[in-house]
Amino acid sequence: MIKEYVRFLIRAFQLSFDGTRQFYLWMAVLTVITVIGGNAYTRQFVDGLAATGMTDQVSWGAYIANFTFLVGVAAASVMLVIPAYIYRNKDMHDVVLYGELLAIAAIIMCLLFVMVDLGRPDRFWHLIPWIGKFNFPTSLLSWDVIVLNGYLVLNLHICGYLLFMKYMKRKPTPLFYVPFVFISIAWAVSIHTVTAFLYVGLVGRPFWNAAIVAPRFLGSAFTAGPGILIIAFQIMERLSHLKVSEDAYTLLRQIVTASLLINLFMLFCEAFKEFYSAALHNASAQYLFFGLEHNGHTYDLLVPWIWTAIVMEVIAAAILITPPVARRRGFLNVACVLAFVGIWIEKGMGLIIPGFIPTPLGNIVEYLPSVNEVLVCVGIWAFGLLLFSWMVHLAIPIMNGTFSKDSGVPRATDAAIKGEVS
Amino acid sequence: MSEAIRPTSGRRSFLKAGIGTMAAIAAAAGVLEPLRNSKLGTSLSAFLQQHYKRLSPEDLDVIMKRLETEIAVRYGARVNIKDYKPIEGVEFGYALNLTRCNGSRRCVYACMKENNQSHDPGIQYIKVLELPSGSLNVEKSDHYYEHEEVPQDGKFYMPVQCQQCKNPPCTKVCPVEATWTESDGITVIDYNWCIGCRYCMAACPYEARRFNFSEPEIPKEEINPEMGYLSNRIRPRGVVEKCHFCLHRTRQGKNPACMEVCPTGARVFGNMLDPDSEISFILRNKRVYILKEDAGTIPRFFYYFDK
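Line order of the protein sequences matches chains A and B. With this note's numbering applied, the first sequence covers 1 to 422. With this note's numbering applied, the second sequence covers 1 to 307.
It is possible that some hints are incorrect.
[Unchecked claim] Residues of chain B clear of chain A, computed beta-carbon distances all greater than 12 angstroms:
#, residue
1, 16
2, 47
3, 123
4, 133
5, 177
6, 197
7, 260
[Stated by the list, open to error] FRET-style restraints, in silico, Cβ to Cβ:
#, chain 1, residue 1, chain 2, residue 2, range
8, A, 296, B, 288, 30 to 38 angstroms
9, B, 151, A, 296, 19 to 27 angstroms
10, A, 311, B, 135, 35 to 43 angstroms
11, A, 406, B, 18, 24 to 32 angstroms
Think of the hints as simulated: they come from the structure by calculation, not from any bench. What you are looking at is a predicted structure, and each value in this text was computed from that prediction instead of being measured. Backbone N, C-alpha and C fix where the C-beta goes; we use that ideal spot for every residue, glycine too.
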């Protein structure tokens, strides 16, 4: 068995470097962008976080914003797992693995975004329980370390086990993975709840110190994650022999629709609470949505940014609640992209930055990421895409049986990956 | 399907492996390029250094010697680092008279000098807020006021620094226990343990914490050579720092630098456990205002009024 496993790894490695011309081009482009991002990070490592746009006043920025958003993308795979395993939906069962692979890529991106945000990455080991000094259970960040890494391990195990069994042409033993699938459902909710509690627990930041943040995190996550999967499945269908049933798309579309509407409703609830009561604590929301006047100067850097997000989400919602329109693939894709980008804005920078503006002592310092900081972010995104593409590149031929212990390594021109042939 | 089981040719995969390896080397070189001209360097002992509370007195002596050497090399200054321990039966408190404070910012500058704060990027522990009379709403404050003369008519001044809370949100959130409250009520930071996540900065309702975004720059002649391990020694890059009630002074019975320099006598510092101390008298007899009392942080820093 171990011998077979090693052989599997070697052959999977070989297959990783075998693909169509499109595949090579795509992976090469992503690698180049990743290298540019890595170079930018090394520069930050040398110069310190002064290489970013962050300040003492706005002490978290684009890194933590992207981190927060991607936790949601990772958690959203549960929206495929629940129908597939609890409701035994056959259509979802065929594609749920790809949702879990997306979760793996997203979690790794999350961990990278946290790593690049550390002032002392060399002291990372201080976070390791017992060896370092892990402030558990007091610090919510220590909870986050546990739930994120736990979720990563769960999904690596589930995907790895199922793929290897498929490769070995053996029926997976339910005991070895089904319990973990059910744990992962609860765990998915926990990663996003704990991440929300990171912010909710801060008494000095009224913008975050609200009970609605955690439910809103889930609502937006279940919009953005399934939304991007609708797009990803179509691309995968074009480039490979993967078949995604129409019913699977319909179910995903319904999930996106419901979640987006819930998200917009909660956004409205939050806005009402902030603005109708007109208490002093609404300064951050005022800054975000309308700009804030302070000592004769109006600060409104985020205003166009957040309204772009709201317009995007509202257009997406309008498309999605009109079924004749939403059923047409072109419109559906537009809605999914708008919802994804809208939520990336709204609960990325739109959530993190206003928490710091104004500061607890009423100062206003605006934040714009530096070029170097943006390059690091783009690099991590490219790396995540690279990782996801690579995992899918291996998983599709395994799942459709062209790559198994008895087969050769499927070749670029073979049936497994059609690409340029079609 | 018969094509699908054709094995890959040995030469072809060899060629690919070669190209792959070269690409990987090129990628690694590209990623690491900025390291070429960097002066970064850390010793293994610094890298593996344990948490302050896990160090024996001998360990700490070795570390403090090493830090002294590092400062000598980097800043060209001979300094003296000591570990000042809290005194039994002492709980420090600080009271500031808002009627007297005239906004001169002398405390700010004395603090910078005493505590070896970086000049570039500039770090200050004390912020003096200029507020319009008739309001204690900090959102109306000006942090950057510049006047020929202070105080200005219709304004009053409120210096804010670490409030040394009894229920500090900052120590709670630290994922690695790099910051904690000592028995005399001073919240300290182990600068050699902090990982620089800045969660404490997000948690502090008083904006008291500062981050070393780059290596601190201090001219050699302005370095205060008397340093405490948990207080004013020159900080490394990438860690958080803040006011520590000048513990290297106050644990020796001296007053904090900001109090010593105050031209109006607005600042009163002392042991709250001593009923005869001035601070105890003020807390008993004056009208005291606690900044953001609703946050439940229970500060050891108090504002009071004369009239």
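Hint check:
no.: 1; hint: 16; verdict: violated (5 angstroms)
no.: 2; hint: 47; verdict: violated (6 angstroms)
no.: 3; hint: 123; verdict: violated (8 angstroms)
no.: 4; hint: 133; verdict: holds (16 angstroms)
no.: 5; hint: 177; verdict: violated (5 angstroms)
no.: 6; hint: 197; verdict: violated (6 angstroms)
no.: 7; hint: 260; verdict: holds (24 angstroms)
no.: 8; hint: 296(A) with 288(B): 30 to 38 angstroms; verdict: holds (33 angstroms)
no.: 9; hint: 151(B) with 296(A): 19 to 27 angstroms; verdict: holds (21 angstroms)
no.: 10; hint: 311(A) with 135(B): 35 to 43 angstroms; verdict: holds (37 angstroms)
no.: 11; hint: 406(A) with 18(B): 24 to 32 angstroms; verdict: holds (29 angstroms)
Taken one by one, the earlier hints fail for this structure at numbers 1, 2, 3, 5, 6, listed in ascending order.
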